Every structure is written in structure tokens, then in C-alpha cells.
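Taken in sequence, the protein lines are chains A and B.
Under full-length UniProt numbering, the first residue of the first sequence is numbered 1, with each subsequent residue one higher.
Under full-length UniProt numbering, the first residue of the second sequence is numbered 1, with each subsequent residue one higher.
Simulated from the structure, these hints should not be mistaken for lab results.
Owing to the predicted nature of the structure, the values given are computational and were not obtained by experimental measurement.
Heads up, a few of these hints could be off.
Identical chains blur together in the list; that is why a pair holds if it fits in one copy or across any two.
Subject to a maximum C-alpha distance of 20 Å in a straight line, what follows is the list of computed SDA-like cross-link-like pairs (lysine to any residue) [as the list claims (entries may be wrong)]:
| no. | residue 1 | residue 2 |
| --- | --- | --- |
| 1 | Lys112 | Ser178 |
| 2 | Lys112 | Arg174 |
| 3 | Lys105 | His50 |
| 4 | Lys105 | Tyr127 |
| 5 | Lys105 | Thr120 |
| 6 | Lys105 | Ala121 |
There are 2 protein chains.
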Amino acid sequence: METHDGRNVSSREKVLAAAAAMMAENPAANLSVRAVAARAGVSVGSLRFHFPTQDALQGALLTRIYDHFFPEDPIRDPALSARDRLVACLRQILAPTGVGAEARKAWETVYKAFIEPEQTADLRSTYAGIERESLRRVTYWLSIMADEGALPRADLTPQARFLLTVLNGLSYERALPSSESLLQAETTTLYLAADAVLGTGRTGERPETTSASTGQFAGDAGSAP
Amino acid sequence: METHDGRNVSSREKVLAAAAAMMAENPAANLSVRAVAARAGVSVGSLRFHFPTQDALQGALLTRIYDHFFPEDPIRDPALSARDRLVACLRQILAPTGVGAEARKAWETVYKAFIEPEQTADLRSTYAGIERESLRRVTYWLSIMADEGALPRADLTPQARFLLTVLNGLSYERALPSSESLLQAETTTLYLAADAVLGTGRTGERPETTSASTGQFAGDAGSAP
DNA sequence: CCCCGACTAGCACACCGTACTAGTACGGCG
DNA sequence: CGCCGTACTAGTACGGTGTGCTAGTCGGGG
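Please work from the sequences and hints to get the whole structure.
Right, dumping it as C-alpha cells:
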């Protein structure tokens with residue numbers, strides 16, 4: 001916690017860890033400046049120094065989560081419930097999108113590649129390949145969960161397509177100028193989508209069951225001191 | 001106008017009118033208690049008396065506006081089931097997107113308006129207004145269905161946001177070169193999304209005592225009344 | 001008559017995000 | 001060595017939000 005030793009791990013990291021932990025305990029929690037600062041044991045001034053705006057905090061937290069949420073495919077992780085695993089996997093797809101300017105850059109690429117140019121048969125087939133690849137990946141995850149009985153063994157394509165649509169919407173919203181906190185909205189939406197496919201968690205239910213999953217990465221981040 | 005004549009038209013109506021006017025002038029405007037009260041020429045206390053919570057104000061305003069502008073919203077069609085009505089309403093939002101080249105054109109507009117240019121505060125607020133408008137509309141639909149008991153009465157924002165994300169994903173996919181039959185996939189996805197928020201369509205489908213009293217708003221500043 | 005309920009006004013409170021200032025530790029430089 | 005600039009922290013202040021509480025006004029019915 002020294003002010004200026006070689007590693008400035010002190011405050012910035014503590015804040016991030018605290019915020020992650022709070023998110024883990026309750027995804028709907030309000031990550032207010034003071035709450036996070038208190039939890040991290042730093043002052044709001046320090047927090048503001050490292051994260052000049054609330055958006056910055058949320059952005060950093062978002063990238064942190066997606067960065068090392070899980071290095072490899074968490075689909076088989078036995079420590080996680082089905083819906084947590086599914087959400088983690090979906091986040092894997094969402095991760096390369098990035099946030100903020102990065103997300104906009106990604107969308108520029110997509111736009112110039114597939115939407116702006118003339119729609120030739122060649123272009124179509126190229127995109128069809130990409131789409132099929134994502135679809136295959138999601139379907140693979142779903143099939144594993146179907147094996148576990150988490151959802152009925154039937155044609156999983158509609159569900160997979162549905163999830164892909166949600167992911168498309170989310171990445172789209174990442175590129176748009178959203179003034180509101182992306183973090184919570186995105187998490188909630190992901191769990192809603194997972195529940196829709198898995199049949200778990202009726203509407204009114206709170207997603208507090210996620211503490212297991214997010215808690216893991218939170219502990220990872222906060223283990224510094 | 002008098003305080004207590006037969007009709008209490010005085011304050012309640014003035015507040016509603018003021019709020020509607022403010023929203024008409026600037027959809028991105030923040031309908032804060034004090035701003036609306038000042039505009040209406042009443043005190044925040046009076047406003048609070050008629051609309052005990054901000055949600056109540058927004059709800060009343062929402063019904064008023066949409067009843068006036070969209071009298072034949074399919075949301076009221078008694079011949080349709082809840083999920084059919086919801087899907088029909090969602091299609092209303094999706095409709096202006098168009099399909100094929102038209103959808104790409106629409107997307108180009110959005111791209112050049114909100115993603116490509118520099119992200120100024122002005123741009124942000126403009127988009128925030130649009131987003132909030134859509135969110136309001138969807139929330140309105142959901143609130144009606146909540147009145148019917150089709151889904152638990154709680155904070156409908158997450159669900160509405162979820163549906164908007166799905167719509168965003170769908171309109172995005174309309175712009176992309178998709179070789180397969182868009183219509184069927186879209187319909188399936190829409191119904192999956194509707195089922196996700198309504199809780200219908202699942203194999204088990206237990207009516208289940210909705211945990212209405214859940215303090216699902218632990219995140220809501222923690223000030224539980 | 002007086003009292004009661006509908007209504008109004010206004011302030012107080014807790015919380016939010018952000019700006020700003022004072023103070024402290026450290027490294028480099030004359 | 002002393003000095004200064006940089007990095008960082010703490011604390012406070014300001015304007016904003018939604019909500020609760022209390023005192024006060026009005027009109028009509030016991």
C-alpha cells in the first residue's frame with residue numbers, strides 16, 4: 001500500500017478487485033464511487049485519480065473480467081452451474097469485441113467488410129462461413145449441456161441462433177455511445193438469455209446464484225495483498 | 001385548480017402535462033422530480049403526493065403518451081395471447097429496419113451517425129434519448145402484461161433491455177448477408193425472447209408463486225421502503 | 001361548530017458522480 | 001546536500017438525484 005514503491009499495485013488493483021468482488025456478490029449491485037472506494041479501503045479521491053470517470057472504472061472492470069475470465073473453455077468446469085458456464089462461454093465470444101473505441105473499431109471492420117460493399121455471392125459465402133463457425137461453437141456448448149440434461153435433447157440450432165443474436169445485439173451496443181453502465185446490463189442480459197435457453201431461472205428471479213462463478217475471478221483479482 | 005374541489009385536476013394534471021411537454025421538447029430530458037415540479041408550477045411534495053414514486057410518474061406518463069399516439073397498438077388486442085402480442089409489438093420496432101438493401105441502408109445511417117464520428121457528449125445524449133425512448137416503449141408493453149399477471153410486477157428494465165438487445169441483434173442480422181431464410185429464424189428468436197421474459201414456453205412451465213416480495217432491488221441504493 | 005381527510009409546500013436526508021485542494025512519498029537534477 | 005516535479009492519496013465541497021416527514025391550508029360532513 002505504499003504510495004510509490006516499484007509496484008503501484010496498491011490502489012488501482014485494490015479498487016478493481018473490490019469492484020469485481022462486489023459484482024460477484026450481486027451482479028445487480030450499484031458500483032458507486034463511495035461504495036467501491038470503501039470496500040477497497042481507499043478514498044474516493046484515489047479512485048478518481050485512477051479512474052477519472054465512472055465509465056472508466058466500468059470499462060476497466062469489463063475488460064478485466066473478459067480478459068482473464070477463463071483462459072480456456074469453461075464449458076467443462078465442474079465448479080460452475082450450467083448457466084454460469086454458458087454465460088462464461090458466451091463472454092468468450094463477446095470478449096474480442098472490446099469496449100468503447102475498440103468496439104467501434106471492430107464494428108467499422110465488420111461494416112466495411114460485409115455491409116458497405118456490394119453483396120456478391122462471394123461475400124455471402126464468406127460471411128456464411130463465419131456465421132456457421134459461431135453457430136457451430138455455440139451449438140457445441142449447448143449439446144454438452146444437453147448431455148447433462150440441462151436442456152432437452154432436440155434441435156439446438158434455434159437456441160444457438162438466438163444466443164448469437166443476443167451476442168450480436170450486445171456487441172452492437174458496445175459500439176454505440178451508451179451513457180449508462182454497460183456492465184450490469186450486459187451481465188443481466190446474458191443471464192436472461194442463458195435462462196431462456198436452459199429454462200432455468202424464472203423471470204422474477206435474481207441472478208444471485210452467480211456468486212460462484214464471478215467470485216472465482218474476483219478472488220483471483222483480489223488476491224494481491 | 002382549487003385545492004379540493006370535486007375534481008383534483010389541479011396538480012396531478014399539471015404535472016402530467018408538464019412532464020409530457022418536457023419529453024416532447026427533448027426526449028433525452030431528465031424528468032427529475034424537481035424539474036417536473038418546477039415546470040408544472042407545483043412543489044415536489046405535491047408531485048410526490050400524486051405520484052408516490054418516480055416509477056409511478058413515468059408509468060402514468062407512459063400510458064398517457066402511448067395510449068394517445070398508438071391507440072391501436074397490438075398490445076391491447078384481446079384476440080392474441082400475451083406472447084403473441086409481445087412479439088407483434090416487438091415487430092413494430094423491427095419493422096422500420098426493413099430487409100436486405102434497405103436494412104443495410106438503415107445500418108449505414110446508424111453507423112455514420114453514432115459509431116464513426118467522434119464520441120462527443122452531444123452525440124451521447126442524442127443517442128441516450130433514442131435509446132431511452134425505445135426502452136420506454138418496451139417497458140410500457142411489459143408493464144401492461146405485468147398488469148395482466150403475465151409476468152411478475154418488478155423492475156421491468158432488465159427485461160426491456162434484454163428485448164432491445166435481441167432487436168438490435170436481429171436488425172443487425174438483417175443487414176448482414178444471410179443466405180438462409182431470415183424470417184423463420186427471426187420468428188423463432190423473437191418467440192424465444194418473449195418466452196424468456198414472460199416465463200412461458202418452457203417444458204415444465206410451473207405457474208409457481210412468484211416471489212413478488214423479493215428484495216430484488218438490493219442494488220437499488222439499498223433503501224428498501 | 002369543529003374536525004377530518006384531501007391536498008400542498010417545503011425542508012431534511014441519504015446517496016450519487018465529479019471537481020478541487022492540500023499533503024505525502026519518491027526519483028532526478030543542479 | 002537541497003530543490004523540484006511527478007505520482008499518488010485523502011478529504012472535502014458542490015450540484016444533482018429520489019424519497020420521507022412535517023406543518024399548513026382548504027372544503028365539506030359529523
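Taking the hints in turn, this is what the structure says about them:
Taking CA atoms no more than 20 Å apart as the test, Lys112 paired with Ser178 passes between copies only; the shortest distance there is 16 Å, against 22 Å inside one copy. Taking the closest pair of Cα atoms, Lys112 and Arg174 come within 20 Å of each other both inside a single copy (18 Å) and across two copies (16 Å). Neither within a single protomer nor between protomers do Lys105 and His50 lie at most 20 Å apart by alpha-carbon distance, with minima of 25 Å and 41 Å respectively. In this assembly of identical chains, the alpha carbons of Lys105 and Tyr127 lie at most 20 Å apart whether taken from the same copy (19 Å) or from different copies (18 Å).
When the C-alpha separation of Lys105 and Thr120 is checked against a cutoff of 20 Å, the pair qualifies only between copies, where the shortest distance is 16 Å, while the shortest distance within a copy is 24 Å. Taking the closest pair of Cα atoms, Lys105 and Ala121 come within 20 Å of each other only across two copies (19 Å); inside a single copy the shortest separation is 26 Å, beyond that limit.
Checked against the numbered hints above, the structure violates only hint 3.
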